[in-house]
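Take the sequences, apply the hints, and build the full model.
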Amino acid sequence: MSWRSSFRCSKFRHVFGKPATKEHSYDGVPITRSVHDNHYCSANPCFIAVVTECAGGGSFLVLPIHHTGRVDPQHPRVCGHRSRVLDVKWNPFDDHCIASCSEDCTVKIWDIPVCGVQQNLTQARKTLIGHSRRVALIEWHPTAENLLLSSAYDYKVLLWDVSQEGAVLRYPVRMVLMPIHHRCPSEMLLLSVSFNSDGSRLAITSKDRRVRVLDPRTGKILQVSSSKSHRASKVVYIGGLKMLLSTGSSPWNHRQIVLWDPDDLSEPLYEEDLDGSAGVLFPFYDPDTHMLYLAGKGDGNIRYYELSAEKPYISFLTEYRSLLPQKGLGVMPKRGLDVSACEVFRFYRLIAVKDLVEPLSMIVPRKESGIFQEDLYPMTVGNQAAMTAQEWLSGINRNPVLMSLKPGTRVANPYPETPADKGLVRQLSWFQMGPAVGTVPGADLDLMEEAFIKEQLAYQDAKYPKEVSDLSGWQPDETQTPLWMYCCTPHCCEPAEKPPPTTESELLQAFYRQQDEIRGLREQLHQKDERIAQLDLEIKNTRNNMRATF
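When you line the sequence shown up against the UniProt record's numbering, it's residues 1 to 550, in that order.
Derived by calculation from the structure, the hints in this document are not laboratory data. Only true hints are included.
Taking lysine-lysine pairs in the PhoX-like style, the calculated list, with each CA pair at most 20 Å apart, reads:
hint	residue 1	residue 2
1	Lys22	Lys354
2	Lys354	Lys297
3	Lys242	Lys311
4	Lys18	Lys367
5	Lys540	Lys528
All of these numbers come straight from a predicted model, not from anything done at the bench.
Below, the structure is given as structure tokens:
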């Protein structure tokens, strides 16, 4: 019998979790009290979105990614849903577009301004009306732009093309699953969904606790798990290793992880019982480092594993421990990580007991951390779509467009460019956050640079006039002022006056908005009074010290 060492050499053996300080966290966020097993948080290099608790209707908070510290209780929110929001997901190809689903049976697509949400956002760009019960899950397609999957408690799984014309969409482009003859089988009530790397297959877990692999174009079920020793709750595709990983529980109610062959779900490849806790395990997989992260709902720890194509397939590395339990987690895409600090993954932990969103960075210790480590950052998935929705619906499959995380490196798109109908706001977002992978026409770049310079000059002239008389009699010229100046920098010039409210709902919204403004002004006045009292006390103490000195 040959001896085999249990020690496995790995460059990720010493990965450690580094939580952010309270000054670099998001404090004072009223996290939702919903009991659904969702993440309630989504992040990209520009913004972070968190589902919040509110009375009457549903809302979520969108903050710039660097807007850390104490969050204003009166901070504007996205509050267009009539009931509780259950999930939010950023568009992987547009950092200023986010989708949300709610208990009001709708899915909404929102456009976030470049400068963030300056006032309560109630008007969505698209409203998807196709479900008759609350919508629990949404997921963007990984390679085709404008394709969104939605699953609801009406036992329907729908695929939408959000680039279609009209503010309200009633008909999806594909009906992946639906009840047959008014029967509602439990396999159509989904608990989680996961696309493979090119979006040609969809893995799901259902209420009957089985794992299924199906064709998202036709809805045909290709594989069904038959193992009675595993009740699955969450599933994720293991890209590059041709495997599936599901988390769930054993017949003895022990939390469990299982690896599957997606082409044959009759028997699992690997099973492991973890502990006896009751919280749902959320799996997160990094295809660049082949690392798996397991975070339990209600737990304070996060386990890390390294996966391989050879037996035993999975190797435990270590775990991050915290005394504060997490209600949900958001994940930053790879293009938003700090490569100079050897950061390979970043979570945003929702700590409901503290109303805190805590960034947690997974770091590989290196002696020279300021140098780009090419072995830690291979080519990764970028923010450019590989094809249009119509191309994917016609049967074309393409791998994601890759990009390099090395500063100053650009990789050309191997596929022909797809025509994207994006407005001026998205062009400005591209200009502000940096160019995407690919080329941009020089004429468009010159126009954006000229517009940006005009905006900066207008802001400086309005804020720092040379003389008071310079602004006397000044009126905004609606014919000369471009639209983007109002949507990007509302402090530059005053917009045109709006007509008075005509309906009762608009009147109530205006009343609540004025109440929020009055409340905010009172708080500012109270803070200034406290500051005045503090300065008076300091002056008094200084005088007493001077008298004591003489």
